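Peer 1: Protein chains in written order, with the working numbering: chain A, 1 to 543; chain B, 544 to 680.
I should point out that these hints are in silico values taken from the structure, not numbers from a laboratory.
Small disclaimer: the values here were computed from a predicted structure and weren't measured.
Beta carbons are placed, not taken as given, at the ideal position from N, Cα and C, and that holds for glycine.
Check the hints yourself; a few may be wrong.
Stated by the list, open to error - Quick list of the computed label-pair ranges, beta carbon to beta carbon:
no.	chain 1	residue 1	chain 2	residue 2	range
1	A	458	B	600	14 to 24 angstroms
2	A	488	B	670	31 to 41 angstroms
3	A	463	B	653	46 to 56 angstroms
4	B	677	A	458	31 to 41 angstroms
Stated by the list, open to error - To spell it out: a stretch of chain B is covered by chain A in this simulated footprint if at least three of its residues, at any positions, have a beta carbon under 8 angstroms from a beta carbon of chain A; those stretches are:
no.	segment
5	633-646
6	669-680
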Amino acid sequence: MPLAGMHNRNRDDLNRSQDKKSYETSSGIEIERVYGPDKTEKFDYESKLGIPGEYPYTRGVQSDMYRGRLWTMRQYSGFASPEESNQRYRYLLEQGQTGLSVAFDLPTQTGYDSDHPLALGEVGRAGVPISSLADMEILFDGIPLDKVSTSMTINSTASILLALYLSVAKKQGLDISVLKGTIQNDILKEYIARGTYIYPPEPSMRLVTDIFKYCKVNVPLWNTISISGYHMREAGATAAQELAFTFSNAIAYVKAALESGLNVDDFASRLSFFFVAQSDVMEEIAKFRAARRMWAKIMKKRFGAKKSKSLKLRFHTQTAGVTLTAQQPENNVVRTTLQALAAVLGGTQSLHVNSKDEALALPTEEAAQLSLRTQQILAHESGIPDTVDPLGGSFYIESLTDQLELAAFDYVDQIDEIGGAVEALRQGFQMKEIHESAFRMQADIESQDKTVVGVNKYISNTPPIEKLQSIDSSQVNMQVERLKEMRINRDNPAVSSALERLRGVVCRGENTMPAILECVEVYATVGEISQVFRDLFGEQKEM
Amino acid sequence: MLDVNRIIRVLVAKPGLDGHDRGAKIIARALRDAGMEVIYTGIRQTPSMIVEVALQEDVDVIGLSILSGAHMDLFPKIFEGLLENNMEDVIVVAGGIIPDQDKPILEGMGVRAVFGPGSSMSEIGDAITKLVCERDD
Numbered sequence: 001m002p003l004a005g006m007h008n009r010n011r012d013d014l015n016r017s018q019d020k021k022s023y024e025t026s027s028g029i030e031i032e033r034v035y036g037p038d039k040t041e042k043f044d045y046e047s048k049l050g051i052p053g054e055y056p057y058t059r060g061v062q063s064d065m066y067r068g069r070l071w072t073m074r075q076y077s078g079f080a081s082p083e084e085s086n087q088r089y090r091y092l093l094e095q096g097q098t099g100l101s102v103a104f105d106l107p108t109q110t111g112y113d114s115d116h117p118l119a120l121g122e123v124g125r126a127g128v129p130i131s132s133l134a135d136m137e138i139l140f141d142g143i144p145l146d147k148v149s150t151s152m153t154i155n156s157t158a159s160i161l162l163a164l165y166l167s168v169a170k171k172q173g174l175d176i177s178v179l180k181g182t183i184q185n186d187i188l189k190e191y192i193a194r195g196t197y198i199y200p201p202e203p204s205m206r207l208v209t210d211i212f213k214y215c216k217v218n219v220p221l222w223n224t225i226s227i228s229g230y231h232m233r234e235a236g237a238t239a240a241q242e243l244a245f246t247f248s249n250a251i252a253y254v255k256a257a258l259e260s261g262l263n264v265d266d267f268a269s270r271l272s273f274f275f276v277a278q279s280d281v282m283e284e285i286a287k288f289r290a291a292r293r294m295w296a297k298i299m300k301k302r303f304g305a306k307k308s309k310s311l312k313l314r315f316h317t318q319t320a321g322v323t324l325t326a327q328q329p330e331n332n333v334v335r336t337t338l339q340a341l342a343a344v345l346g347g348t349q350s351l352h353v354n355s356k357d358e359a360l361a362l363p364t365e366e367a368a369q370l371s372l373r374t375q376q377i378l379a380h381e382s383g384i385p386d387t388v389d390p391l392g393g394s395f396y397i398e399s400l401t402d403q404l405e406l407a408a409f410d411y412v413d414q415i416d417e418i419g420g421a422v423e424a425l426r427q428g429f430q431m432k433e434i435h436e437s438a439f440r441m442q443a444d445i446e447s448q449d450k451t452v453v454g455v456n457k458y459i460s461n462t463p464p465i466e467k468l469q470s471i472d473s474s475q476v477n478m479q480v481e482r483l484k485e486m487r488i489n490r491d492n493p494a495v496s497s498a499l500e501r502l503r504g505v506v507c508r509g510e511n512t513m514p515a516i517l518e519c520v521e522v523y524a525t526v527g528e529i530s531q532v533f534r535d536l537f538g539e540q541k542e543m
Numbered sequence: 544m545l546d547v548n549r550i551i552r553v554l555v556a557k558p559g560l561d562g563h564d565r566g567a568k569i570i571a572r573a574l575r576d577a578g579m580e581v582i583y584t585g586i587r588q589t590p591s592m593i594v595e596v597a598l599q600e601d602v603d604v605i606g607l608s609i610l611s612g613a614h615m616d617l618f619p620k621i622f623e624g625l626l627e628n629n630m631e632d633v634i635v636v637a638g639g640i641i642p643d644q645d646k647p648i649l650e651g652m653g654v655r656a657v658f659g660p661g662s663s664m665s666e667i668g669d670a671i672t673k674l675v676c677e678r679d680d
């Protein structure tokens, strides 16, 4: 009986697999039953892959990859208040985290101080509230900024937050030229997907290139932008769209920098990238490899970059927030582990692993620790970091890498034809494409063409997570009170004249960074500085 | 889906500074496909903007989508506005990242249904139709 049963099941399985008309990746690439040498027959190793650390960098940007240095374990966090966030950072560093990653709340990201009416309910929710240098000093209290690298997810207000970081470093007695870190500073994807833009695209692009120029001279090790596919993918893009829209945006930034008078090799090495690691493990590994090859080609062929550093795609990876389920939350640990595995097999430079409770709230300390441990297990127990690009040469992976590159370049061409990323987003092209993919994916889940374990299949009643991270409203009140007090006690005439000087700098078309630094050093707030730009640049309505 | 004699009018709105609009856009489209008239006003809507549009457009339902965690502060403002404008009959439902512990409080405020992560388009459409039918009975 058991044998007969097994037989039947096998036959059922076979029938089922025959019923399924086609197998596809998220990008609609058809998957064959098996891949063999015919797929790589005319495969030119030198031009397609090359030696790791050499053009076209498909296998990795370093010759020794993780043997030389493991990826940076960088858990994104920030919540409630500068005090609470500072404690979380210290905790994560004590637990062996190797870099900081700051999440700012939405008022900070959209240029409103914690006491602004539009900040109601948002202060300290999605990240840490930073209104002035007083907050930033608390955020990094006791953390020597020459010993850590810090990534800040900040876009419209990136130049202000960078200025605040530099000011804290100066107060710690440091030469800012030694500082290492990243600001996201990728405004174009905000219009497409993430939604924290303030000003129209042109003046926003000017703020971006002002940062490029300022940092080239003053903070040479700083990654001045993290061109992000992550949020577009989270909004619904496929893997191919993620690559294409990211690189179209990157092309727009490079062009803007060139037009502002910079030479490509002067800033290209400070451009960094940010991708998601989604659940389709094989397609994701191929995506990271295709990304490196694409960027090397773009920089070399399209922009004539000469330095090898200008051609190397360095990227941060975060596991996919959208795949986290509120149902059976323990399953999320398995999901994020698989996604993190894809990121490491894809050769990421840094990684954030989402926590199991994040379908419902910001992670608790315990959940964040488990995410860090996931990374440490991959790094120290899995054996994966011991060799470079372990899956290189796999018939399937190489075939997928080629096809993703083709599909993505096809989209880049379409955007070029429209007139580039800025014109395309003005027409809503990327938004529409992303929405179509998102809608299709949702329909596939509801028709059960796509299985989400615990949501549309294998449903069971598991108890909800008992302890979720909550935001202490007394922390939020304290933040608002401190800000009000600070406004009274600072040198207000100095603030007014610094803001006036900034106004002049903006109007004369000079680099805004030095004037912003002057403003933050006399405790002008994020909201006040943003207001100067709001007045002069105008505000962008949703496109 | 239940029978309705007229077209249900729905405002899909995103209160607060949150820019995550994937869900709101999908729901707006799904409700439209289900035969409803949908007004989607985009991101960063203040409570007063939401009440104003609901009033102008004479909607049956307001669907609030929020992922930033600001719902406990913003929703009461919306209900205050509805009360001021004698719009207590407008059905308010919500979706997004809303912890279980907040649900009873929101329901006490007047939110008729809360759709968490994993809710399906058909489930939301059916629930809205049912709520409108019950109200109009």
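Peer 1: Now tell me, hint by hint, if it's right for this structure.
Peer 2: We went through each hint and held it up to the structure:
In this structure the hint that residue 458/A and residue 600/B lie 14 to 24 angstroms apart at CB is violated, the actual value being about 41 angstroms. As the Cβ distance of residue 488/A to residue 670/B is approximately 50 angstroms, the hint placing it in 31 to 41 angstroms is violated. Against the hinted window of 46 to 56 angstroms, the Cβ-Cβ separation of residue 463/A and residue 653/B comes to about 28 angstroms, which falls outside the hint. Checking the proposed 31 to 41 angstroms range against residue 677/B and residue 458/A shows it holds: the Cβ atoms sit about 33 angstroms from each other.
Evaluation of the coverage hint for the segment 633-646 of chain B: fulfilled, as 4 residues show C-beta separations to chain A shorter than 8 angstroms, against a requirement of three. Counting residues of the segment 669-680 of chain B whose CB falls under 8 angstroms from any CB of chain A gives 0; the rule of at least 3 is not met.
Against the hints set out earlier in the document, violations occur for numbers 1, 2, 3, 6.
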